[in-house]
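Undergrad: The residues making up each chain are set out below.
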Amino acid sequence: MKRFEELFAPHMDAAYNLARWLTGNDSAARDVVQESALRAFRFLHRFADGNSKAWFLTIVRNESYTWLKASAGHRWVAIGDELPEDDAALSHSQTPELLAIHMENAALVQQALCALPAIFREVIVLKELEDMPYKDIALVVDIPIGTVMSRLARARAMLKLELLKLHSHD
Amino acid sequence: MTDLNCTACQVLIHGYLDKELDPTTTAKVAGHLAECAECTRLHDQARLLTVSVKRHAPYYSAPASLTASVFAPVVPRTSTVERWRNWFAPAFSAAALALALVLYVATPGSEQPLMDEAVSSHVRSLMGEHLNDVVSSDRHTVKPWFTGKLDFSPPVLDYSAQGFPLLGGRLDYLQHQTTAALSYGRAKHIINVFILPTTESDKPPITQSIRGFNVVSWQENHMRFVMVSDVEKGELETLGQLLRKGA
Chain A
1 MKRFEELFAP HMDAAYNLAR WLTGNDSAAR DVVQESALRA FRFLHRFADG
51 NSKAWFLTIV RNESYTWLKA SAGHRWVAIG DELPEDDAAL SHSQTPELLA
101 IHMENAALVQ QALCALPAIF REVIVLKELE DMPYKDIALV VDIPIGTVMS
151 RLARARAMLK LELLKLHSHD
Chain B
1 MTDLNCTACQ VLIHGYLDKE LDPTTTAKVA GHLAECAECT RLHDQARLLT
51 VSVKRHAPYY SAPASLTASV FAPVVPRTST VERWRNWFAP AFSAAALALA
101 LVLYVATPGS EQPLMDEAVS SHVRSLMGEH LNDVVSSDRH TVKPWFTGKL
151 DFSPPVLDYS AQGFPLLGGR LDYLQHQTTA ALSYGRAKHI INVFILPTTE
201 SDKPPITQSI RGFNVVSWQE NHMRFVMVSD VEKGELETLG QLLRKGA
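Quick note, the sequences are listed as chains A and B, same order.
Residue numbers for the first sequence follow this note's numbering, beginning at 1 and rising by one.
Residue numbers for the second sequence follow this note's numbering, beginning at 1 and rising by one.
Treat the hints with care, as some may be off.
With a cut-off of at most 25 Å between alpha-carbon atoms, the simulated PhoX-like pairs for lysine-lysine come out as follows [said to hold, decoys possible]:
{"hint": "1", "chain 1": "B", "residue 1": "K54", "chain 2": "A", "residue 2": "K165"}
{"hint": "2", "chain 1": "A", "residue 1": "K135", "chain 2": "B", "residue 2": "K188"}
{"hint": "3", "chain 1": "A", "residue 1": "K165", "chain 2": "A", "residue 2": "K53"}
{"hint": "4", "chain 1": "B", "residue 1": "K143", "chain 2": "B", "residue 2": "K19"}
{"hint": "5", "chain 1": "B", "residue 1": "K54", "chain 2": "B", "residue 2": "K19"}
{"hint": "6", "chain 1": "B", "residue 1": "K203", "chain 2": "A", "residue 2": "K53"}
{"hint": "7", "chain 1": "A", "residue 1": "K135", "chain 2": "B", "residue 2": "K245"}
{"hint": "8", "chain 1": "B", "residue 1": "K188", "chain 2": "B", "residue 2": "K203"}
{"hint": "9", "chain 1": "A", "residue 1": "K135", "chain 2": "B", "residue 2": "K143"}
{"hint": "10", "chain 1": "B", "residue 1": "K203", "chain 2": "B", "residue 2": "K233"}
{"hint": "11", "chain 1": "B", "residue 1": "K188", "chain 2": "B", "residue 2": "K149"}
{"hint": "12", "chain 1": "B", "residue 1": "K233", "chain 2": "B", "residue 2": "K188"}
{"hint": "13", "chain 1": "A", "residue 1": "K2", "chain 2": "A", "residue 2": "K69"}
{"hint": "14", "chain 1": "B", "residue 1": "K188", "chain 2": "B", "residue 2": "K143"}
{"hint": "15", "chain 1": "B", "residue 1": "K28", "chain 2": "A", "residue 2": "K53"}
These are computed hints drawn from the structure, not numbers from a lab.
These figures come from a predicted structure and were not determined experimentally.
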């Protein structure tokens, strides 16, 4: 119990933040973190040494997806890397001023980030909010380290697009 | 210098921004940016975007109540009465936790933490003066004492005749479950028998040695038995047989 607490108490904020961003609500995030802590406790003997944050966040991420799948029921579709490219829209960001204005609007930034598919939202959360290095993101998200950069490139491009889209709804 | 096309560069600018590129690639990207207005524009936009997310996207810190419930303190060691008063509130509030634990912890393959906890509890029970909550060799005193404190009925029997006098019982807390702990004497040695409910089917006894203590465990009638002591393996197994026979 003591080792468990020493290892994971420092990462409770990171765990809750990730779960909260992935599930989108507080009570689900609490459940996810509780479940994850139980799992971490149960499999503590498998955690040798190393990055306890990445290890814990990996569990939190898996539990978050389990929750997302369960809450989406049969509507769940695993979203792979092959999303339809929206190149026309991506290259046509001819409204830099509006983008700049929207980037200063906290509510819009939050809304745009929420609108991203989970696999893109999570890399933004881990990089921008958690400030994790690519090698740790690769562990948590379970992709090769070489894929982290391209995933982030996509995620940021999509986020920019979302921010511009929000404008058109105003 | 610029053997880098724009498509490749537009991915690399992210590694460049995040300072994740090796020096050679960093130099290539910097070279390309110096000459390419479009990539520079995208780079600047991406940089502003990351700054904007850092500044405006909320960071959700873990609620204190969540952290408290995840790292719930284990058994306060105070007087029996007080302990019980202090215990019920957290016990109920952790009902969901306990339920989840039945599913997660009571599944096969999770034995080792339990055995470890049992050994620790055995050691603690000998260190303090808290071996027993109810001191009696009379099973008709010990058994009713457990009633209402546990949601299962552990077998309580005295084996004085066979050389294992019942010393008493207490409540313990293993694997996040309220556990009955019976203590038996064997010459000058103490044997702790932990009994907790399980949803699993019966399992034959296993003897192992953990941190110098002998541990015998088995499952029967949806109860899990763990005996811990420094007595010899054979003697511990003898008491195990008596407990299983229930005579």
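Undergrad: State for each hint whether it applies.
TA: Status of the hints after comparison with the structure:
Note on B/K54 and A/K165: the hinted pairing holds, with a Cα-Cα distance of about 20 Å set against a maximum of 25 Å. Annotation: proposed proximity of A/K135 to B/K188 is violated, straight-line Cα distance about 56 Å (limit 25 Å). Between A/K165 and A/K53 the alpha-carbon distance is near 35 Å, which puts this suggested pair outside the 25 Å criterion. With a C-alpha separation of about 67 Å, the suggested pair B/K143 and B/K19 falls outside the 25 Å cut-off, and the hint is violated.
With a CA separation close to 16 Å, the supplied pair B/K54 and B/K19 stays within the 25 Å bound. Restraint check: the Cα-Cα separation between B/K203 and A/K53 comes to about 37 Å, which exceeds 25 Å; the hinted pair is violated. About 57 Å separates the Cα atoms of A/K135 and B/K245, which puts this hinted pair outside 25 Å; it is violated. For the given pair, B/K188 sits about 30 Å from B/K203 by alpha-carbon distance, which is inconsistent with the 25 Å threshold.
As the CA atoms of A/K135 and B/K143 are separated by approximately 57 Å, the hinted pair breaks the 25 Å bound. Pair hint B/K203 plus B/K233 holds up; C-alpha atoms about 19 Å apart against a cutoff of 25 Å. Proximity of B/K188 to B/K149 is assessed by CA-CA distance (about 29 Å); at most 25 Å being required, the pair is judged violated. A threshold of 25 Å between alpha carbons decides the hint, and for B/K233 with B/K188 the separation of about 16 Å falls inside it, so the pair holds.
Annotation: proposed proximity of A/K2 to A/K69 is violated, straight-line Cα distance about 33 Å (limit 25 Å). At most 25 Å may separate the alpha-carbon atoms for a hinted pair to count; B/K188 and B/K143 meet this at roughly 24 Å. A C-alpha spacing of about 33 Å is found between B/K28 and A/K53, which places the hinted pair above 25 Å, so the restraint is violated.
Checked against the numbered hints given earlier, this structure breaks hints 2, 3, 4, 6, 7, 8, 9, 11, 13 and 15; the rest are met.
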